[in-house]
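Engineer: If you read the sequences in order, they're chains A and B. If you count by this note's numbering, then the first sequence holds residues 1 to 1022, one letter each, in order. If you count by this note's numbering, then the second sequence holds residues 10001 to 10470, one letter each, in order.
The hints are simulated quantities; they were obtained by calculation from the structure and are not laboratory data. All C-beta atoms in this analysis are idealised placements derived from N, C-alpha and C, irrespective of residue type, glycine included. Careful: at least some of the hints might be erroneous.
Claimed, not checked - Derived DSS-like pairs: lysine-lysine, alpha-carbon spacing no greater than 25 angstroms straight-line:
id : chain 1 : residue 1 : chain 2 : residue 2
1  : A       : Lys-680   : B       : Lys-10457
2  : A       : Lys-170   : B       : Lys-10163
3  : A       : Lys-705   : B       : Lys-10448
4  : A       : Lys-678   : B       : Lys-10162
Said to hold, decoys possible - Which chain A residues stay away from chain B? Per the calculated CB distances, all over 10 angstroms, these:
id : residue
5  : Ser-84
6  : Lys-138
7  : Asp-220
8  : Pro-252
9  : Gln-295
10 : Phe-305
11 : Ile-346
12 : Asn-394
13 : Lys-429
14 : Leu-539
15 : Ala-551
16 : Val-561
17 : Asn-935
18 : Asn-964
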Amino acid sequence: MSKKLLTMSLIVLCAVSSYAAEFCIYNPNEVTVKGIASIALDSLGIDKTEKLKITRTDSSKELPWQIISKDGKNLLLTALELKSMTTVRIKIEEGAGTAKALVKNEADDYTLTIDTPLYSIDLNKQKGYTINTLKDKKGGRIPNIHQAELIFFGSGEQETYNGHYARSQKEYYQSKSKVAGKTLYKGNLETQIELSWEFDAGSVRDTVTFNGVNRLVRHDVQLTYSKVMVQGEYRLSMPNFSTKKGEGTVYPQKERFPERTFAAPGYEFAFNPVKKCGIGVVAPIAQPLYNFFWQFTGKSEGRSFDRCKLSLFTDQLRYKKLPGTFDFSFALIAGGSPSEAADYAIAANNFREFKAFPVNVDQGIVNSITFKSLSLIGQKNIAVIELSPKCDANSVKVKIDNIAVASTKTERADCLNLEWQPKKEGINKIEISNGKNSFLYDVNVKKIASVNNIRIDKIVNKPNKSAGTTATVTNHSASPETFKLVSSVISDTDKTEIVNTQNANLAAFETKAIKIPWKTGAEKKGITFNIKIYHNDKLTDSASEYGAVTAFVPDAGQYSVANPGWFKTPGQEKLYIKNLRNNYFGFFEYYCWTPCPMMGLCPKDDVWDAQTESQVAYSAKISKKFVKNFVKVAHESGISVFPWMNGEIALPTGLDNPEYYRYGKTGQPLLYNGTIRKGKRYAIAYTSALYDPEVAYKWGQDMAKSIDMFGWDGCRFDWAFTPSVVGDPMRAKKSDWYNQSGVPSRKLFPDQDGAGTKALQAFRKGVAETHPEFIYGTNSGEFSPEIARTLPKYKVESSTNSWIWFEYLLGYNSKRCSTWQKWSKLLTEDSQIARPNGSQIGLGWMHLYPSGAVSGKLMPYIILYSGLHWIGVTDRNNSLGENWKIWRYAMRFSKYFYNSKFLLMPEKERLEAISVTGSPHLFWKQWIFEKKAKNGRSLLVNMVNLPEGDYVSERHLPPKPQKNIVLTFNKQNDEKVKKVVMLNALPEPHSVKLQAKTDGNKVTVTIPEVKWGTGILIETQK
Amino acid sequence: MILKKGRLNMKKQLSIFILAIIAAISFLHAEEVIKLDFNEYPDGAVLGKDKWQTHMPASNKNASTYTVKKGQLEIIANPAQNLRGGYVEMEIPIMRKGTIEFDLNVNHNQKGTGLFIDLYNISLFWHDYCEDWRRYFPEPTAKRMKYYNVEPVGQRRLGAVKKRKWSHYKIYFDTDNDVVEYYKDDMEDPVYIDGAAAVLGRQEYLGGKLRIGSWGIAKGPMTFLIDNISISSAATQNNETSVKRDRYVIFNGLSYNRYNISESLLAGGVNKKNIRNFYIENPKPALTPANKFFINKMPGTTSMQKAKSLILVDCPFGPAEIIPEFVQKNAVKNVKQGMTLVVFGGLFALGKGEYQDSYLSDYLPVELKDAWQVKKFQSPLIIQPVSNEMKKLDWKIKPSVVYIHDLKPKKDAEVLLTAGDHPLLVRQKLGKGEIIVFLGTTCGSLPKNPQNPLFWKWNQWAKMVDLIVK
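Input sequences plus hints: build the corresponding full structure.
Structural biologist: In structure tokens form, the structure reads like this:
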């Protein structure tokens, strides 16, 4: 209720000793709500009283009440239950109310206990008034609450640059702070406490309100800060939430693992159906809250103990002004069932606090409002307004979203009919006023039908195959309807092809998953799959999803790595793959998985112990069944799987075949590690044998058998055929090693380039004989011009249609990568050594790019615009993580960004061909690529808006958007510009045609705005 | 040692008590010189009035405090400059051989370096930044710990320390043999041994004193609790021959899982308590063309004196002097007194383990060659018994070997087993004991169900190990 309305409300009707007033209470929520209405006491003409009686006029039921002082005002609170989107009148009069007290607030030296009819909470004073226990009086007790507290994260970056600024962020825990707590008020219906504490970057005040009629515990938090903060978090951590069976789940997803994040607003609720206990958090609309995170692990996920962790994060604070304050509100759901929690989430936007409007007095306007039809966009909407007795119908004016709407009189003099066609989806604000006062009413307007979700069965599809897409569609109307669904595939920049048209019959309010079969057709690279839904030939809704159609998966997606240290338990595969899809990854690697990297590609046993370089850190038992299954699940989602391969040999295999070892000058095999775990030694050693083309060929044949066994799509080498690796023949002159007889490597491999090349060719031949589509991947070690010069044959062999890691360019703190410009130059120019041979290149695992920071936002653009793929963790599940949007963009426009035929133009030529206006921070000169064709050419000019400051750092402030940038293209005499298109990432991947103006050989286009980055595609013809 | 309630849990107390008794028995001629349990002081007493002398810097009289509380010594080390945090000390008679033991609780959460305890030239300190315990002996700057450019030369990390937990420490010193052994909680085998330590050393360093003090490197006060200090002397000529040799000390090298020595001994009826296993590790990723081995612990004087056999299983001596020369000397000394030293071959042993030019090489019964003497035989070599002891085994099925160290026995050595025409097990007496070398390696493989299984898969292998080792 607006404060203005309250302060302007009633004139005193009655004498102090005798009064009566009526109020209209409105529940704007789509569910029945038990909530609390507050009324300014001075509007009743009384100060404070103990003689009061409140009753509902519809049932004569007496309601509980409480008077509180808040912000210098006395307020009357009353509690009642109201059905969805209805109004009810209450009567307030002098009298001895009999409603009983519902809330208790009691404290001793250690604990503050809040007790309501629904739950009982103990707050631990020794741990900053954080929740110690929560007992649901209608369910069970949460077994063990380890954390239920606010945490604030401060930027930890150091002040001075010493190659980098990195330092981990600071964490400020409520439970570790000296928290002062005081009760602001307590009584029958509500109690409110204020918790406050300080830390070295600021202070916090958390006002917590508990009520006796529902389970929402409202937190109103104010953070005051003097140093750069990153984010705030409310965290619940509960060990032993489930038993070993792992029965607990998180709603509404009903999932446990892996850890997930979901955007706010909304709710997350952890529930154990056996113990009948639950707890959750609600993020209301319009609060500066960013996302939820949860992690549920236990025995069934291969973890040693069960723990439920559930967090709600605030928006990013990194770029707020210093000093400053930051306010946010959220609610804890104290107990209840999953369905209750869902209801709470719907009705939490106003924390279940009702608006109260005075009626039956001079200022009263509306008694009730009743809708006769659904609130659907474009449809006729009818509502009947019953006015207050003293309200003159002629004086009433109605506005919807500030636009006047005519109302008509009805047979009843005190009623008005309201008819309108909503044009805006979502909340429509109805304002009914009589010139003196206003009645405000929110109505939620929906489309008649919506496409809620699109899932292309396979994110990366092979060309010329049958494919499928599933769309979830909802009929929001109260009658059965028939809708037409038109599905199309958009490729290139705007080439649209309708792939399916079908009708869908949906019952009233029905949500249905509709299967859409389609043919992939020719190679397209990235696509948009668009679905339009029509009702009576009128477009009702439209939605898109993004994917790819390609035979060579590295052309389209990003790459991740699953480590058997954690990825080994049945049950993980579906969610892991789902997460990769959500982040637009096309393929991933199973790392360090074999019983022997060199000779264990086809494990003989059903379950084996991994013996690889990772056993420095952990041991892992892996089952054949699990590996086969996750490859199958990945393929069902269009995700390819590459096993990690390595030119090292495990101890048992090495002892069986000592001739495969690579020896040092002491005559010992050169070991990579030698850890002992549970009485077993894990020792991986370098091998020399694979440089024998015969051995390499057999190794390739082993790989082929491994594909038959598991279904791999490619592989990714590490520590083999890598010129920077110690002991590689290509480094034979740099570091001596020996064979079993003591012959030094320089004598074994006089032609180093040839040795590596022949061995690699032999391996590829061994696989390709039976699996010609197999994709070779490698960690390049170093792909510098120096390597290209000294190892020309190897360079060509290893980069022909391959997937290549540029792990060597990760060093943000090395001088050569310390600025975005230097890094971009290295990425772009070194990749030109590999790209012309058809390779795709990736890099990742870079540090210093925290999600949400400017550097975190820029990094994926820089990698993409240099023509490289991301290798590493997904981002959609990180708080503040938005890189998935850039990866989605990368997949959609992979035909351009990842096209190995687009070659970097030589510096002189490219700067003659293109010039761009704008501030010096607009970085583009490194990224002008050209693809030549018989009848013309295509140019791709990528640009990012860099922040101020030379070094790669978290400290950047967001760059100011650059507007009206003029790009000039100096075309050749014999070519014409066909089109100029801007390829944009946000809010979703889309292309925008730019108007080209030609003046002689000068062609100019104006780019309206570059906030972070854009790609400009110029196509010409001769 | 006096045990106090509530400091260590009962199980730990009991185990420490038993171990202390064992340790005491091992030093049969020990005579206790001094015992400090601080029970004699009233609560709140400050050290410095009787046998203790206090030394504080003139500018900071409260650099550190030494107060007895509830029968324990509480030390508060306050921040100080230039490592001058003050100390208390008391005169201690000069002992050439003995132990100092104490209980200690690092009872603070500061990041710093506070407490030191010195006895003679042995200096111990607690590094509360790194949460570990270290020793310091003056050493040349070339021996500075890697990456430590400002801290004293001669320091060495001895092990991790958990803050706010009581631990029991023991240091055994023997100045005549230049040995200092450092024990923490496990009183059986030390966490480290100094093999060339000048325990009494230069008089100007400390002389006959026990000193407890503070370096004062911290931002705030650091609290330490000490109790049950006990300094005991041991007779300089211990009658080692009277100690029963019933232990098997095993250095497990790279292929120890295949040799299965420990399990074979257990199968042969050896009590698990009498098997002491030590492991050669190379845990960190090695990016350079050289192995970086280390041994997780060292057998202490007690273990060596009680060892019936010291067994090196495919165990390298280098690179980086994994088995220091003083350990080799001690091993030879114990062989002369009745111990058996057994060396099992492998890709990391003998010539491939840098045994050439080692102290031990002169005592081995084979002539060592270079690093490339392991030879593969295209057909597996059949193993045959030569000695009567070996003939006692069941030889109906004969084992085989594919890779052996192709070495010649020394003049006085006895061949116990052969592989084809090559010596495989060679023995030589030394004093009251003997040194045995097994020249086979656990390398190579055979097709399934071979007529002559590889020796470590042979059904008599455990018994053979039993015979060799015992």
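Engineer: It remains to establish, for every hint, whether it holds in the given structure.
Structural biologist: Here's how the hints hold up against the structure:
1. A/Lys-680 with B/Lys-10457: holds (17 angstroms)
2. A/Lys-170 with B/Lys-10163: Distance ~23 angstroms between A/Lys-170 and B/Lys-10163 Cα, so the pair holds.
3. A/Lys-705 with B/Lys-10448: Between A/Lys-705 and B/Lys-10448 the Cα gap is close to 22 angstroms, so the pair holds against 25 angstroms.
4. A/Lys-678 with B/Lys-10162: holds (23 angstroms)
5. Ser-84: holds (55 angstroms)
6. Lys-138: holds (42 angstroms)
7. Asp-220: holds (34 angstroms)
8. Pro-252: A/Pro-252 clear of chain B: closest Cβ-Cβ about 42 angstroms, beyond 10 angstroms.
9. Gln-295: holds (28 angstroms)
10. Phe-305: The claim stands: A/Phe-305 keeps its Cβ more than 10 angstroms from every Cβ of chain B (closest is about 21 angstroms).
11. Ile-346: It holds; A/Ile-346 is separated from chain B by about 47 angstroms at its closest Cβ, greater than 10 angstroms.
12. Asn-394: At about 77 angstroms from chain B, A/Asn-394 clears the 10 angstroms cut-off, so the statement holds.
13. Lys-429: A/Lys-429 is indeed farther than 10 angstroms from all Cβ atoms of chain B, at 56 angstroms.
14. Leu-539: A/Leu-539 clear of chain B: closest Cβ-Cβ about 60 angstroms, beyond 10 angstroms.
15. Ala-551: holds (37 angstroms)
16. Val-561: holds (17 angstroms)
17. Asn-935: holds (52 angstroms)
18. Asn-964: Label holds. Min Cβ-Cβ 52 angstroms, cutoff 10 angstroms.
Violation of the numbered hints given earlier is absent; every hint is satisfied by the structure.
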